[in-house]
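Colleague: Okay, here's what each chain looks like letter by letter:
2 protein chains.
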Amino acid sequence: MSVKQVVVGIDIGGTNTVFGYVDRDGAILAEDRIKTTHYDEIEVYVAALYEKIMVTRQKIENSIEIIGFGIGAPMGNINKGTIEHPAGLPWKGIIPLADLFKRHTTLPVMVTNDANAAAVGEMIYGGAREMKNFVVITLGTGLGSGFVIDGKLVYGHDGFAGEIGHTAIRPGPSNRDCGCGRKGCLETYVSATGLKRTLLKIMADSIQPSELRKYSFEELDAELIHEAAKRGDYIARRAFEHTGRMLGFKLADVVAHTNPEAIFLFGGLALAKDLIFEPAKEYMEENLLHIYKGKVKLLPSELSTQNAAVLGASSLIWSLKET
Amino acid sequence: MSVKQVVVGIDIGGTNTVFGYVDRDGAILAEDRIKTTHYDEIEVYVAALYEKIMVTRQKIENSIEIIGFGIGAPMGNINKGTIEHPAGLPWKGIIPLADLFKRHTTLPVMVTNDANAAAVGEMIYGGAREMKNFVVITLGTGLGSGFVIDGKLVYGHDGFAGEIGHTAIRPGPSNRDCGCGRKGCLETYVSATGLKRTLLKIMADSIQPSELRKYSFEELDAELIHEAAKRGDYIARRAFEHTGRMLGFKLADVVAHTNPEAIFLFGGLALAKDLIFEPAKEYMEENLLHIYKGKVKLLPSELSTQNAAVLGASSLIWSLKET
Chain A
14 MSVKQVVVGI
24 DIGGTNTVFG
34 YVDRDGAILA
44 EDRIKTTHYD
54 EIEVYVAALY
64 EKIMVTRQKI
74 ENSIEIIGFG
84 IGAPMGNINK
94 GTIEHPAGLP
104 WKGIIPLADL
114 FKRHTTLPVM
124 VTNDANAAAV
134 GEMIYGGARE
144 MKNFVVITLG
154 TGLGSGFVID
164 GKLVYGHDGF
174 AGEIGHTAIR
184 PGPSNRDCGC
194 GRKGCLETYV
204 SATGLKRTLL
214 KIMADSIQPS
224 ELRKYSFEEL
234 DAELIHEAAK
244 RGDYIARRAF
254 EHTGRMLGFK
264 LADVVAHTNP
274 EAIFLFGGLA
284 LAKDLIFEPA
294 KEYMEENLLH
304 IYKGKVKLLP
314 SELSTQNAAV
324 LGASSLIWSL
334 KET
Chain B
14 MSVKQVVVGI
24 DIGGTNTVFG
34 YVDRDGAILA
44 EDRIKTTHYD
54 EIEVYVAALY
64 EKIMVTRQKI
74 ENSIEIIGFG
84 IGAPMGNINK
94 GTIEHPAGLP
104 WKGIIPLADL
114 FKRHTTLPVM
124 VTNDANAAAV
134 GEMIYGGARE
144 MKNFVVITLG
154 TGLGSGFVID
164 GKLVYGHDGF
174 AGEIGHTAIR
184 PGPSNRDCGC
194 GRKGCLETYV
204 SATGLKRTLL
214 KIMADSIQPS
224 ELRKYSFEEL
234 DAELIHEAAK
244 RGDYIARRAF
254 EHTGRMLGFK
264 LADVVAHTNP
274 EAIFLFGGLA
284 LAKDLIFEPA
294 KEYMEENLLH
304 IYKGKVKLLP
314 SELSTQNAAV
324 LGASSLIWSL
334 KET
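Going down the list, the sequences are from chains A and B. Just so you know, the first sequence maps onto residues 14 to 336 in my numbering. Just so you know, the second sequence maps onto residues 14 to 336 in my numbering.
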């Protein structure tokens with residue numbers, strides 16, 4: 014039996030780190046995860062992740078050869094293999110992630126922004142297969158974005174293009190604190206955490222009953238709020254509506270910058286479907302300049318929540334082989 | 014003597030339409046202008062412009078051959094040769110500009126966004142000659158923007174990428190009316206007209222004396238305000254400062270989208286130098302995510318006010334010859 018070449022694709026999120034063994038055709042032969050939040054020290058995290066990847070290898074029956082590790086992470090920088098001051102992760106400063114990984118392996122290790130990885134995944138395996146100009150917005154613990162223009166991922170001059178999660182909703186200092194140290198960033202409104210924050214504010218202002226009043230901030234998550242909203246919970250529905258409107262407002266800006274064919278929403282919040290898509294679409298259209306109105310599709314990612322970023326991260330290494 | 018090939022580059026602005034006969038090396042052999050605002054009917058405008066171009070030809074002593082017409086205009090669409098609902102121009106609806114021009118000539122006619130034309134001009138002949146990723150913001154009667162990524166102008170899916178003049182400063186309806194029919198667009202604050210509007214508001218709120226109190230809104234222009242500010246006029250200086258801050262706030266968004274090496278400011282307002290650059294730079298830096306801070310250059314265009322867009326527009330035709 015021939016040996017199958019595989020790449021390990023890794024998606025580092027604020028809550029979980031998901032990885033998969035990906036073959037040339039985008040099939041995931043095995044996958045698993047560790048909790049990102051369990052590791053205060055980056056060295057320990059990398060060692061634990063590497064070990065978990067090696068253990069998971071045993072689930073694969075085929076004979077495989079790993080040819081490299083592709084990593085998507087918030088603030089991941091493709092030029093330097095670093096993650097720099099990642100707002101939603103447990104570690105501070107400039108983290109030489111690729112170098113830390115290379116303590117465990119001599120194989121190629123590449124790092125990029127997690128949303129960029131998701132965008133590449135969507136382009137190769139998902140709903141953007143026929144598209145040249147599109148945007149992927151990842152809605153997880155935070156908010157990431159990846160831009161594809163003319164069929165190519167936009168990295169920009171320093172490798173940091175596509176961080177709209179940290180653009181401000183409005184000028185001025187009277188806004189929500191962001192993990193990045195600033196105020197009023199989009200991701201403080203539009204993300205799983207942003208949804209919780211909005212829910213708490215609505216709960217404080219309103220006297221409507223809600224099944225969510227029994228949960229603490231720490232207990233709450235996007236899924237609980239989603240389930241409550243589906244059952245008609247007024248406060249949960251208002252929280253989704255506000256979140257969707259804030260997203261739609263900023264998507265109009267995204268369109269005015271790059272005039273994409275479509276914007277894909279990916280990640281936990283996107284699973285709430287109409288609860289988030291309807292207000293986002295409505296408020297995006299309301300804020301679009303006439304030349305764009307009715308032309309830009311707002312679509313759910315066609316890849317499952319984990320897969321897009323894992324597949325996209327793996328493609329970093331496959332593209333090395335081609336050049 | 015050999016016949017020299019030239020392209021007529023045309024820059025349609027809200028106030029003036031400037032054109033030039035451009036040779037292969039970017040030398041402008043002759044140039045002139047007509048008032049855009051003098052023509053209510055687009056057909057009359059095109060006929061007058063074409064005639065003026067033909068008359069200006071007589072200023073050129075060399076023997077020339079015109080090989081085409083390249084036009085930069087607000088809302089210019091390269092795919093269709095149209096300008097669509099241009100907010101700052103006298104004509105409404107979708108204007109088939111290339112077709113109207115072709116009533117007068119059998120030569121190729123190409124249309125693009127005026128700011129895109131300026132960006133190409135800056136890339137070929139100006140300060141962006143060594144750059145692959147940059148943005149040009151044109152500050153005239155309105156505000157236009159052109160994005161270059163990986164050495165190529167970004168058109169987007171429908172040919173309308175780069176219209177940040179019509180992104181909103183903040184959500185909500187309690188904002189300045191924009192010529193595009195919406196509220197609170199960036200160009201209602203950051204443009205020659207936006208500067209005048211801001212000046213009037215400050216004049217209304219303040220009891221400080223100002224040499225500008227003797228002018229009507231219609232009499233005021235960016236140059237008058239600039240001259241007053243240079244002489245230390247408090248209200249004129251405040252108006253520039255506010256304009257610069259609004260620009261800086263939005264430039265931080267531009268950086269988070271495409272992470273450029275530099276942003277060039279071009280056009281009338283940019284001539285006010287530090288009066289606009291200092292508050293813009295300061296407020297941009299204040300609003301940038303740490304990974305971008307101190308890295309993005311904010312520069313004046315290296316081309317004279319008219320030339321960048323005229324040269325850029327002409328390059329549309331030169332690039333046809335190459336392919």
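It is worth saying that the hints were derived from the structure and are not from the lab. A couple of the hints might just be wrong.
[What the hints assert, rightly or not] Just so you have them, the derived chain B footprint on chain A, three or more residues with Cβ under 8 Å:
(1) 48-56
(2) 173-182
[To be verified] From chain A, some residues computed to sit far from chain B (all C-beta separations above 10 Å):
(3) Ala60
(4) Ile73
(5) Glu97
(6) Asp112
(7) Thr118
(8) Asp163
(9) Lys214
(10) Glu224
(11) Tyr247
(12) Ala265
(13) Asp266
(14) His303
All residues carry an ideal CB built from backbone N, CA and C; glycine is no exception.
Colleague: Next step is simple, just say for each hint if it's right about the structure.
Modeller: The hints, checked one at a time:
1. 48-56: violated (count 0)
2. 173-182: Per the Cβ count (9), the hint holds.
3. Ala60: Alanine 60 (chain A) clear of chain B: closest Cβ-Cβ about 26 Å, beyond 10 Å.
4. Ile73: 37 Å, holds
5. Glu97: At roughly 5 Å from the nearest Cβ of chain B, glutamate 97 (chain A) sits no farther out than 10 Å, so the non-interface label is violated.
6. Asp112: Non-interface label on aspartate 112 (chain A) holds, nearest chain B Cβ at 18 Å vs cutoff 10 Å.
7. Thr118: The claim stands: threonine 118 (chain A) keeps its Cβ more than 10 Å from every Cβ of chain B (closest is about 27 Å).
8. Asp163: For aspartate 163 (chain A), whose nearest Cβ neighbour in chain B is about 7 Å away, the distance does not exceed 10 Å, so it is violated.
9. Lys214: Non-interface label stands for lysine 214 (chain A): nearest chain B Cβ at 16 Å, farther than 10 Å.
10. Glu224: 29 Å, holds
11. Tyr247: Consistent with the label, tyrosine 247 (chain A) stays out of reach of chain B, its closest Cβ about 23 Å off (over 10 Å).
12. Ala265: Non-interface label on alanine 265 (chain A) violated, nearest chain B Cβ at 7 Å vs cutoff 10 Å.
13. Asp266: 5 Å, violated
14. His303: Histidine 303 (chain A) is in fact no farther than 10 Å from some Cβ atom of chain B, at 5 Å.
Violation of the numbered hints given earlier is confined to hints 1, 5, 8, 12, 13 and 14; the remaining hints are satisfied by the structure.
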